[in-house]
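**Student:** Each chain is listed here by its residues.
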Amino acid sequence: MEILFATIILGSLGLIFGVGLAIASKKLAVQIDPKLDQVQHLLPGANCGACGNPGCFGFAENLLAGKSTLESCRVCTEEAKEKIAGIMGLALEKQTKKIAALHCNGGRSIKDKYLYDGINDCISANLVLGGQKSCVFACLGFGTCLKACPFGAISMSEEALPVVDKIKCRSCNRCVLVCPKKLFSLVSVTYPVYVACSSHDFGKDVKNVCAVGCIACKLCERACKFDAIHVIDNLAVIDYHKCTSCKECVKVCPAKTISIRE
Amino acid sequence: MNIQEFITIFISAVFIYNVILSRFLGLCSFIAISKETKPALAMSSAVMFVIVMSSAITWFVYRFLLVPFNLTYLRTISFILVIATFVQFVEMVNRKISPQLYRAFGIYLPLITVNCAVLGVAVLNIDMFFANGKAVAGSFYYSVFQGVSVGLGYTLAMLLMSGIRERLELCNIPKALKDFPLAFIIAAILSLSFMGFSGFRF
Numbered sequence: 001m002e003i004l005f006a007t008i009i010l011g012s013l014g015l016i017f018g019v020g021l022a023i024a025s026k027k028l029a030v031q032i033d034p035k036l037d038q039v040q041h042l043l044p045g046a047n048c049g050a051c052g053n054p055g056c057f058g059f060a061e062n063l064l065a066g067k068s069t070l071e072s073c074r075v076c077t078e079e080a081k082e083k084i085a086g087i088m089g090l091a092l093e094k095q096t097k098k099i100a101a102l103h104c105n106g107g108r109s110i111k112d113k114y115l116y117d118g119i120n121d122c123i124s125a126n127l128v129l130g131g132q133k134s135c136v137f138a139c140l141g142f143g144t145c146l147k148a149c150p151f152g153a154i155s156m157s158e159e160a161l162p163v164v165d166k167i168k169c170r171s172c173n174r175c176v177l178v179c180p181k182k183l184f185s186l187v188s189v190t191y192p193v194y195v196a197c198s199s200h201d202f203g204k205d206v207k208n209v210c211a212v213g214c215i216a217c218k219l220c221e222r223a224c225k226f227d228a229i230h231v232i233d234n235l236a237v238i239d240y241h242k243c244t245s246c247k248e249c250v251k252v253c254p255a256k257t258i259s260i261r262e
Numbered sequence: 001m002n003i004q005e006f007i008t009i010f011i012s013a014v015f016i017y018n019v020i021l022s023r024f025l026g027l028c029s030f031i032a033i034s035k036e037t038k039p040a041l042a043m044s045s046a047v048m049f050v051i052v053m054s055s056a057i058t059w060f061v062y063r064f065l066l067v068p069f070n071l072t073y074l075r076t077i078s079f080i081l082v083i084a085t086f087v088q089f090v091e092m093v094n095r096k097i098s099p100q101l102y103r104a105f106g107i108y109l110p111l112i113t114v115n116c117a118v119l120g121v122a123v124l125n126i127d128m129f130f131a132n133g134k135a136v137a138g139s140f141y142y143s144v145f146q147g148v149s150v151g152l153g154y155t156l157a158m159l160l161m162s163g164i165r166e167r168l169e170l171c172n173i174p175k176a177l178k179d180f181p182l183a184f185i186i187a188a189i190l191s192l193s194f195m196g197f198s199g200f201r202f
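Chain order of the listed sequences is A and B.
The first sequence begins at 1 in this note's numbering and counts up one residue at a time.
The second sequence begins at 1 in this note's numbering and counts up one residue at a time.
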C-alpha cells in the first residue's frame, strides 16, 4: 500500500511539473529567426575569429543583422557560402581562394649556428639570437605553424619545412600571424609562382649559408615581360597584380628560389 | 518565532556555516565564475533567487505531500525535481521577459540546477525546522529566511573571491600557478579564515 502512495505521489508530482513546463514552454516561447540556426549549421564552426566576430555564432547573428558581410568569412567553403547566400537571399561576390605560401626553402640544408636545446617551439627558439639557423630569415622548423593551424592543413616535410595542404587550407591567416620569422603569406590559388625565400641579406652572404636562397641576381627581373617581379632590398618580390604566371622567372632563377606550387 | 532566532539563522548561515567556505557546497560555480566581480554578482543574485524560491516550494512539498503520507525518504528525489523544474521555469520566464538578463546569465542559470548549495539548503531546512516529523512553529518563515541568509553568504564568498582574483590579474604570478591552482590556494586560505567563526556559539 505504501509503495503505491509513493509511486502515485512522486508520479503525479513529476506529471504536474512536466505538464506545467510543457505549457510554460509553449506560452513563453520566444521567436528565434529560423535562418539563424540554418546559417550557423553551414558555417565552419572553427570559431577562428578571422571575420572579427566572437565566434561563428556571433558572425551568424551579425550577418543576419546586416552588420557583417558573408565575404568576411575566409574559412567557409564556396558551396556553403552559396547556400548561406541562398538562405539569406543575397548575391555572393565570387572570391578566389587564397592559400598560405611559405617563403623559405632552406630546411635541413641550412646549418645550425649553435645547438638549440630548449622548448620545441619556433617562438622560443627565435628569442635566442633569432633562432639556431645560420640564416636569420630561415624557417626554424619546430612547427609552431603546424600547432596553430585549426584545420590541420600544415604538415612537416622530411626537410623540416612546413607543407600547406591545398585543400585543407582555409586561409584563416593564423600561420601568417604566428610565424616569428613572418615566412607565410596568403597567395591566391590562381598564381602558382612564388618566391621561396625571405632573406634580405646580400647575395654573397646568402650563398654562404643557403644553396636555395635569393641572391638578388636580378635575372628574373630581366626575364619578366610584364614588369611583375622586382628585386627590392636584395629579395625578389612578385607583384601579383601584374603576374600572368608565365613562369619565365622560374626558368631563369639560378638557385631555383622562385618556385611553383603544385 | 522570535527575532533572536532570525539573527541566529542569519549569522550562522552567512558566517559560521558559510555555504561555500565552511560547508563546501556549490564549489563548482565558486571556482568557475569568480574571475570578475560583475558576473560573480550576477551569479550570486541568480543563486540567491533560486535558493529562496526553492526553500519555499520544497517546504510546501515536504509539509503537505511527504509528511502526511509518510514518504519522507523520498525527500532528495522530490526536491531535485522541484529545483530542476523551477530553474527551467525561471529560465523560460527570463528569456521571454528580459533577453538581456538571459544573455548575462548565459550558462550560469542551468548550472544552478546542479548546484548542490540549492539542494543543501532545502535539506538543511528540513533537518533544522522539522522535529519528530512535525513542522516547528514558524518553520516556513525560518526556511525562507535561511534561504535568504545562505544566498547572502554565497554572495559574500563570491565577492571576496572575485575581488581577490581581479587584483591578482595585475600581479606577476608564476606560470604554473596561474588561474586555477592559485584559485584553489586562495579558496583554501579563505576557508581557513572562515573556520575561525566556528568558535561562536549561539
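Hints are computed from structural coordinates only; laboratory data are not their basis.
Values in this document were obtained by computation on a predicted structure and should not be read as measured data.
There's no promise every hint is true.
Heads up, simulated EDC-like pairs for lysine to aspartate or glutamate below, C-alpha to C-alpha not over 20 Å straight-line [claimed, not checked]:
(1) A:K81 to A:D37
(2) A:K256 to A:E159
(3) B:K96 to A:E82
(4) A:K218 to A:D239
(5) A:K27 to B:E166
(6) A:K168 to A:D112
(7) A:K207 to A:D121
(8) A:K147 to A:D165
(9) B:K175 to A:D121
(10) A:K168 to A:D37
(11) A:K81 to A:D112
(12) A:K166 to A:D33
(13) A:K182 to A:D165
(14) B:K96 to A:D165
(15) A:K98 to A:D165
(16) B:K96 to A:D37
(17) A:K26 to B:E166
(18) B:K35 to B:D127
Derived list of chain B stretches under chain A, where covered just means 3 residues or more per stretch with a C-beta under 8 Å from a C-beta of chain A [what the hints assert, rightly or not]:
(19) 71-83
(20) 176-186
Idealized CB from N, CA, C, for every residue including glycine.
**Student:** Now tell me, hint by hint, if it's right for this structure.
**Tutor:** Hints versus structure:
{"no.": "1", "hint": "A:K81 to A:D37", "in the structure": "holds, 15 Å"}
{"no.": "2", "hint": "A:K256 to A:E159", "in the structure": "holds, 16 Å"}
{"no.": "3", "hint": "B:K96 to A:E82", "in the structure": "violated, 34 Å"}
{"no.": "4", "hint": "A:K218 to A:D239", "in the structure": "holds, 15 Å"}
{"no.": "5", "hint": "A:K27 to B:E166", "in the structure": "violated, 41 Å"}
{"no.": "6", "hint": "A:K168 to A:D112", "in the structure": "violated, 32 Å"}
{"no.": "7", "hint": "A:K207 to A:D121", "in the structure": "violated, 27 Å"}
{"no.": "8", "hint": "A:K147 to A:D165", "in the structure": "holds, 14 Å"}
{"no.": "9", "hint": "B:K175 to A:D121", "in the structure": "holds, 17 Å"}
{"no.": "10", "hint": "A:K168 to A:D37", "in the structure": "violated, 25 Å"}
{"no.": "11", "hint": "A:K81 to A:D112", "in the structure": "violated, 46 Å"}
{"no.": "12", "hint": "A:K166 to A:D33", "in the structure": "violated, 36 Å"}
{"no.": "13", "hint": "A:K182 to A:D165", "in the structure": "holds, 19 Å"}
{"no.": "14", "hint": "B:K96 to A:D165", "in the structure": "violated, 47 Å"}
{"no.": "15", "hint": "A:K98 to A:D165", "in the structure": "holds, 12 Å"}
{"no.": "16", "hint": "B:K96 to A:D37", "in the structure": "holds, 19 Å"}
{"no.": "17", "hint": "A:K26 to B:E166", "in the structure": "violated, 41 Å"}
{"no.": "18", "hint": "B:K35 to B:D127", "in the structure": "violated, 34 Å"}
{"no.": "19", "hint": "71-83", "in the structure": "holds (count 6)"}
{"no.": "20", "hint": "176-186", "in the structure": "violated (count 0)"}
Consistency note: the structure conflicts with the earlier hints numbered 3, 5, 6, 7, 10, 11, 12, 14, 17, 18, 20.
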